[in-house]
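Engineer: Listed here are the chains, written in short residue letters.
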Amino acid sequence: MSKSLGNYMEIITARATDADVRSRSQDGGIVSAAFIYGIENGILDGSIVASAPDKHNPSPVVAITKEDILKARGTKYSISPNVALLKSAVREHGLEKVGFVGTPCQLVALRKAIKYPLGFRHVGDKVGLIIGIFCMENFNYQSMKILIEEYANVSMDDVLKTDIGKGKLWVYKKDGSEPITVPLKETHIFEQKSCHVCTDYTSELADFSTGSVGSPDGWSTVIIRTKRGKEFIDKMIADGKLETQPADLEGKGGIPLLEKLSNGKKEKSLDTIRIREENGLPVPKLL
Amino acid sequence: MVRVAHVHLSACTGCLISLADSYEKLPEILEAIDLVYSITLADEKTVVTETDEKISIERVYPDNVDIALVEGSVCIDDEHSMALLKEVREKSNIVVAFGSCAATGGINSFSRGGQDPQPTHTAFLPIGKVIKVDFALPGCAPAIEGILNFIFAALEGDTDYMLPYAVFAEEFMDTNGLDLARRVISQSLCMGCGTCAAACQTRAIKMYDGKPNFDMDLCINCGICTFQCPRISVSSTVFNIE
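Taken in order, these protein sequences are the chains called A and B. Last residue of the first sequence: 287 (our numbering), numbering continuous. Last residue of the second sequence: 242 (our numbering), numbering continuous.
Source of the hints: derived by calculation from the structure; they are not laboratory data. Just so you know, even glycine gets a beta-carbon here, dropped at the ideal spot from N, CA and C. Check before you lean on any hint, since a few could be wrong.
Keeping only pairs whose Cα atoms sit at most 30 Å apart, straight-line, the calculated DSS-like set for lysine-lysine is [to be verified]: (1) A:Lys173 with B:Lys211; (2) A:Lys193 with B:Lys211; (3) A:Lys161 with B:Lys206; (4) A:Lys3 with A:Lys173; (5) A:Lys235 with A:Lys97; (6) A:Lys285 with B:Lys211; (7) B:Lys25 with A:Lys97; (8) A:Lys115 with B:Lys25; (9) A:Lys285 with B:Lys129; (10) A:Lys268 with A:Lys126; (11) B:Lys25 with A:Lys227; (12) B:Lys206 with A:Lys285; (13) A:Lys185 with B:Lys211; (14) A:Lys260 with A:Lys168; (15) A:Lys161 with B:Lys25; (16) A:Lys161 with A:Lys66; (17) A:Lys161 with A:Lys173; (18) A:Lys268 with A:Lys168.
Distance windows between CB atoms, simulated [as the list claims (entries may be wrong)]: (19) A:Pro256 with B:Arg203: 46 to 52 Å; (20) B:Glu31 with A:Lys230: 35 to 41 Å; (21) B:Ser186 with A:Glu92: 28 to 34 Å; (22) B:Asp158 with A:Gln245: 42 to 48 Å; (23) B:Leu41 with A:Leu249: 57 to 63 Å; (24) B:Asp209 with A:Glu92: 20 to 26 Å; (25) B:Ala166 with A:Asp125: 44 to 50 Å; (26) B:Ser186 with A:Ile146: 19 to 25 Å; (27) B:Asp158 with A:Ile146: 45 to 51 Å; (28) A:Thr65 with B:Pro117: 38 to 44 Å; (29) B:Asp160 with A:Thr181: 44 to 50 Å; (30) B:Asp158 with A:Glu92: 33 to 39 Å; (31) B:Asn213 with A:Pro256: 41 to 47 Å.
Just chain A, same shape as in the assembly (with noise of 0.2 Å):
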């Protein structure tokens, strides 16, 4: 239990032990391992997770292979409406115990539905794995364009992987070469506005969440928050499919770290709540 992360039972830092996995991944490759685990264990029929296959303008597709998951590996920074795809990965797809993974807006929207299902008939209790991604801010398609191709002066078509990480966005290309960093503060004017009103970073409504912040490179940091969670959790380590490590509670760059992002967020879309209402414009209401 902590304010400014959220609920929890545990947190863990951990990688998969599966090196297909871990390449292309982001960091550990926790969600792409553990949705393979899901499927290959029959305690999921399938996942929605986001595909790109150019890598920047993302959609959501429904996963029923490891092959699915594998090429869908690795974070997006623009959008994948990941909630979109809910009934009909249940409909169309005939999954009954479907995994999820999306962004901390995403799952306040997930746990709405399954909490309050008047449009979603027969779909809540298919939900079998919510995993929450942690998440500061999102950029649209035209936005990630920009960043990369005028900032970064990489051409969309040789970005092998973005990431965000240590106060730089960092393009990575095909060919290998050093990766190009774009200063975080070059970047802010490029955030989607809408995401100035969340208050959560760590997917605070998830079984268990996952990102970076937090842990060494290469790791993930893993916040349990549910039994569900800690379950899927337990049976990965004991099958072999994660290593961990302890956290790192102290450390400069381990929790700590990932506490100040969290708080920081949250004060920072206070302010903006605060200054909307002060215009007289609408706020996502809490009831």
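On the provided structure of chain A, position chain B as indicated by the hints.
Structural biologist: What follows is chain B alone, placed relative to chain A:
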């Protein structure tokens, strides 16, 4: 026991069918409530008056109803519907607009009269335009899980859970896809989760570049997109997860 009535105005009975779609839960509901009035699910209680000129048989809406589920829009050109709706309000403690026709007008809001068998019946309104409505459950039809959650919350008196339905009754009678776009996209609040697109019951909403696009030719004014949108409102109960 809680006295419940189901009142049928201008609608297709789909909302009631959705309720009956609960299979094994239906007996549980029927055991927990006293269904005092439902012309579709229960025997009707009638009063027969016999005079020298005629014998009239009239349906009786009972007194002291705790919860009235009103399905359908009210035709303001039909005196019987108007009278029944007002009687329901007077005799019921809680009135629920059950389904989109009652909550937002739904597809009935396209009505323009000139049709058999009552060509003069032109206007079909959400019931909240005529009486005070306490809670509204939009949806065409509302999903059974949502109806059940509402009914059991009402039986338990869980007002925290029921609040969004009260707010919807109060503020969203005129909503539809275009209204949602104005309230959310045009206010820089849409972050592109896709919930509206999934909830839409006519597939009028498609996501393009991370934002919903509304095909208003397909929108039936049911309001479910607005109800589900997390950037309109979120109940504090959503944050209690286990």
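Engineer: Against the structure shown, which of the earlier numbered hints fail to hold, in ascending order?
Structural biologist: 4, 10, 15, 25, 28
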